[in-house]
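Chain A is fixed; fit chain B onto it per the hints.
Chains as they are written, first to last, in numbering that gives the first Met the number 0: chain A, 0 to 261; chain B, 0 to 378.
FYI, nobody ran anything at the bench for these hints, they're computed from the structure.
Careful, some of the hints might be misleading.
What the simulated footprint calls covered on chain B by chain A, stretch by stretch (three residues with Cβ under 8 Å from a Cβ of chain A suffice, anywhere in the stretch; the number is not a length) [unchecked claim]:
no., region
1, 257-269
2, 340-353
Think about it this way: if two alpha-carbon atoms lie no more than 25 Å apart in a straight line, the pair counts; the simulated SDA-like pairs of lysine to any residue are [to be verified]:
no., chain 1, residue 1, chain 2, residue 2
3, B, Lys78, B, Thr132
4, A, Lys141, B, Ala58
5, A, Lys141, B, Gly348
6, A, Lys192, B, Ala58
7, A, Lys141, B, Pro114
8, A, Lys141, B, Gly121
9, A, Lys141, B, Val242
In this text the structure is predicted, and so the values were computed from the model without any measurement.
Glycine included, every Cβ here is placed at the ideal spot set by N, Cα and C.
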Amino acid sequence: MATPADETVIEVRNVSTRFGSAVVHDDVSLAVRRGETFALAGGIGCGKSVLLREIIMLQQPNAGSIRVFGQDTQRISEEEALNLRRRWGVMFQRGGLFTSLTVAENVGLPLREHTQLSDGLIDEIAALKIALTGLPLSAGAKYPEELSGGMRKRASLARAIALDPELLLLDEPTTGLDPLSAAEIDELVRGLKQSLGLTIVMVTHDLDLLWRLADRVAILGYGPMLGIGTMDELSRSDNPIIHQYFYGPRGRSAREQAWKQK
Amino acid sequence: MTTTRPSQQPADADLEITSSQEARCTGNWTSHNLAPLERRLPAIAWPAGNLIIDASPLAAMDTAGAWMLHGIVGKLEGKGRTVTLKGLAPGNETLMRLVASAAAAVPATTAPVVPGVLERVGMGTWQGLVAPTVGIVTFLGESAVALLRSLAQPSRLRWRPILYNVQSAGFNALLITGLLSFLMGIVIAYQGAEQLQRYGANIFIADLVGLSMLRELSPLLTAIIVAGRSGSAYAAQIGTMKVTEEIDALRTIGVAPMELLVLPKMLALMLALPLLTVFADVMGVLGGMIMARAQLAVSFAAFVDRLGDAVSLSSYLIGLGKAPVFAAIIALVGCYQGFQVTGSAESVGRQTTIAVVQGIFLVIVADSLFSIVFSWLKL
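One chain only, chain A, in its complex shape:
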């Protein structure tokens, strides 16, 4: 089936969000195209995660509209919303794994809920997804509390790709991980994207991850959006905050790393 390369998967139009008097988003617009890796970046508390939650219908913006796969998330029937939810996978910041289920059961849950496959096949597919995320075989039988932070993120990723979603949303995929695990996670996401053909939207402030993975980046900043474009374009931006973001001490080293790799 032919899908036009420039098809828009997510369209955020004029979104504004306020919590009391604090303005989080002011007239933010952006579009994510099929097959690209799009990142939402910015400092702490600038509303990256809030925008992600609005996209996946966990929260409503105060104004503006958000369309996912062409459907307006604010004017959508329960049934359409369910169909939409089956087409994306979400990896939460703290994993969001069900603590009363083992990792294998966590990964198998979307399959059990949404397909009619037999239990045996579901277990095999769950084991396959767990293996794809680089977790050891023994992890499947463990409960989330028995895993380390990095393993929990992988397990969460395995659950997010359980149904082979078209759209994968990652909230802070590398935050709280040691550099080695973080590098593994971004390798993993890159590999999954190549082999499964995913569209990826991630929230992150990990500059290494931005340089290595993101096709395009939107930088949010306490109200209006500060900039959108590729990392190269953004790094030439004369906006003082973006400049600070890229040319602070950590930004510079991440950039040099990225250059060396190219």
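Positioned in the frame of chain A, the structure of chain B alone reads:
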């Protein structure tokens, strides 16, 4: 974009044997459309000899579909046949390679080992009897040590949480305990009235209500309400703090969780429960008095007059004296169960339930022990 997606009305995955050497995959080999084929799979009559699987009519494939195809190929090759896949779209080919590379890590599904009878009895005894007993005795010892240490150094007592707990477990429970005790007084007087009237012993309604409420019912009733209200709250609070690593944080800061979380609750409840019991006594007797006047024409004055003779001071104090013991049981069981929580949300719910059930159970057991001991002492 390497995988393709199902069209508007996705056709189910299918596999047909077209000749003695060839099979064709059609439809959507995706997790949503795979189930009918999976059910049919064991019944497919594979031609003997080598086989070519033509995947070119495939509409779409995802990892689940690739896994199934991988499994089919693997099973046939296991029987010594050569299987050739042809016509795979480039994206699906990548997918097949990905699945094949991860397949080595996927275990064959095996039935879990069922432990023998003896093993299960042993495990049950350990987990259900020995471990909890050891645990609660340890906990009791630890709290006793913490209590003695605090009493030796009263400045270590944390008055703010004690007062807060007196308010939340005591003052805030006034309405519900008062109401229930009042109703209980009415019920007892109402049930007794008929019997007493038959013997013309109307005035003994004061004995009936006074003794039963003050000595037995109001301490027990209050303790049961508090076990449900506060015992559960203690377990849930401490349990959640354990899940969110707050307990560990307290330890690292150098604050003993026993001193901050358990002692204030226990002391506060030992203070609040007797006071609540007094209030429940008053309300229960009040209910009985109202009923006595309505049913037996015993005036308030006559009732109160008789009450003084009917209930001895020792009976009243016995009733009141049980309250601190019940309070200690409820607080200790609630806190202990809170500390038994392991990392999951389900475990918070389970331990909270156990806290309430065990709390009420132990309060009633203690009450029966008191009855036996007091009758032995002829009190």
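Here is what the structure says about each hint:
With 0 residues having a Cβ less than 8 Å from any Cβ of chain A, the region 257-269 of chain B misses the three-residue criterion, and the hint is violated. Under the rule that three or more residues need a Cβ within less than 8 Å of chain A, the assignment of the region 340-353 of chain B holds, with 6 such residues. Restraint check for Lys78(B) and Thr132(B): the C-alpha separation of about 57 Å exceeds 25 Å, so the hint is violated. For a cut-off of 25 Å, the pair hint linking Lys141(A) to Ala58(B) is broken: about 37 Å separates their Cα positions.
Restraint check for Lys141(A) and Gly348(B): satisfied, since their Cα atoms lie roughly 20 Å apart, inside the 25 Å limit. At roughly 21 Å between alpha-carbon atoms, Lys192(A) and Ala58(B) fall within 25 Å of each other, so this suggested pair holds. As the CA atoms of Lys141(A) and Pro114(B) are separated by approximately 19 Å, the hinted pair is consistent with the 25 Å bound. Among the hinted pairs, Lys141(A) with Gly121(B) is consistent with the structure: their alpha-carbon atoms are about 24 Å apart, no more than 25 Å.
Of the supplied pair hints, the one linking Lys141(A) and Val242(B) holds, its CA atoms being roughly 17 Å apart against a limit of 25 Å.
Of the numbered hints given earlier, the model fails hints 1, 3 and 4; all others are met.
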